[in-house]
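Student: Under numbering that gives the first Met the number 0, the first residue of the sequence shown is numbered 0, with each subsequent residue one higher.
No lab work stands behind these hints, which were simulated from the structure alone.
Hints are supplied without guarantee of correctness; some may be wrong.
[Unchecked claim] In silico DSSO-like links for lysine-lysine, alpha-carbon gap of 30 angstroms or less: (1) K59 to K35; (2) K126 to K90; (3) K35 to K64; (4) K90 to K120; (5) K90 to K35; (6) K64 to K126; (7) K126 to K59; (8) K59 to K90; (9) K126 to K35; (10) K64 to K90; (11) K120 to K64.
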Amino acid sequence: MKKLFLGTALFTMFALVTTSCNNDDDITTTQTVELKTLPEEGRSFVTTYFSGIEIARIEKHSPAKIDGTMYEVDFVNRDEIDFDQNGTWLKVEAEGNRSIPTGFILPSIVSYINTNYPTLKINQIEKTYEGFEVELTNDLDLIFNASGEFIRIQP
Numbered sequence: 000m001k002k003l004f005l006g007t008a009l010f011t012m013f014a015l016v017t018t019s020c021n022n023d024d025d026i027t028t029t030q031t032v033e034l035k036t037l038p039e040e041g042r043s044f045v046t047t048y049f050s051g052i053e054i055a056r057i058e059k060h061s062p063a064k065i066d067g068t069m070y071e072v073d074f075v076n077r078d079e080i081d082f083d084q085n086g087t088w089l090k091v092e093a094e095g096n097r098s099i100p101t102g103f104i105l106p107s108i109v110s111y112i113n114t115n116y117p118t119l120k121i122n123q124i125e126k127t128y129e130g131f132e133v134e135l136t137n138d139l140d141l142i143f144n145a146s147g148e149f150i151r152i153q154p
């Protein structure tokens with residue numbers, strides 16, 4: 000009788016452990032949404048800095064990607080903006096070696112690049128844990144701290 004009880008208890012524990020460890024909680028979904036579903040900060044960013052550029056697709060990730068991206072806005076010209084759940088930009092990039100608008104970038108970053116790389120433009124900017132990573136139109140990556148002070152060239 001003890002063996003039967005012990006066997007049933009072990010089988011029940013095994014069943015509970017394997018059931019509770021399934022991947023149902025890790026399901027992520029991506030759906031196409033309209034501009035009006037972006038948080039106000041994101042909508043304002045798009046209409047201010049990318050007005051006149053046709054939107055190809057806006058995707059909403061649920062839950063957010065590992066880097067915090069909840070919304071991805073892709074334009075017909077292949078520019079892309081990633082936003083977090085509040086509509087705050089995380090990454091802005093242009094296709095190829097084209098430049099992105101700079102009105103939203105810290106003035107100290109723009110000034111540093113204009114002074115030290117006058118023939119180049121900003122192709123991409125991404126918020127990082129230490130501040131910002133900026134890629135220029137010649138593929139040179141520059142690292143700035145959160146205050147916009149130059150730190151180093153990314154190897």
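Student: Indicate, hint by hint, whether the structure satisfies it.
Tutor: Now for the hints, and whether the structure bears them out:
Pair hint K59 plus K35 holds up; C-alpha atoms about 12 angstroms apart against a cutoff of 30 angstroms. For a cut-off of 30 angstroms, the pair hint linking K126 to K90 stands: about 6 angstroms separates their Cα positions. Our distance criterion of 30 angstroms between C-alpha atoms is met by K35 and K64, whose separation comes to about 21 angstroms. Proposed proximity of K90 and K120 is supported: the alpha carbons are some 16 angstroms apart, at most 30 angstroms.
The suggested pairing of K90 with K35 holds, with an alpha-carbon distance near 20 angstroms, which does not exceed 30 angstroms. The straight-line distance between the Cα atoms of K64 and K126 is roughly 15 angstroms, inside the 30 angstroms bound, and the hint therefore holds. Among the hinted pairs, K126 with K59 is consistent with the structure: their alpha-carbon atoms are about 19 angstroms apart, no more than 30 angstroms. Using a Cα cut-off of 30 angstroms, the hinted pair K59 and K90 holds, with the two alpha carbons roughly 15 angstroms apart.
Among the hinted pairs, K126 with K35 is consistent with the structure: their alpha-carbon atoms are about 24 angstroms apart, no more than 30 angstroms. With a CA separation close to 13 angstroms, the supplied pair K64 and K90 stays within the 30 angstroms bound. Simply put, K120 and K64 have alpha-carbon atoms about 29 angstroms apart, close enough for the 30 angstroms limit, and the pair holds.
Going down the numbered hints, you'll see the structure goes against none, and every one checks out.
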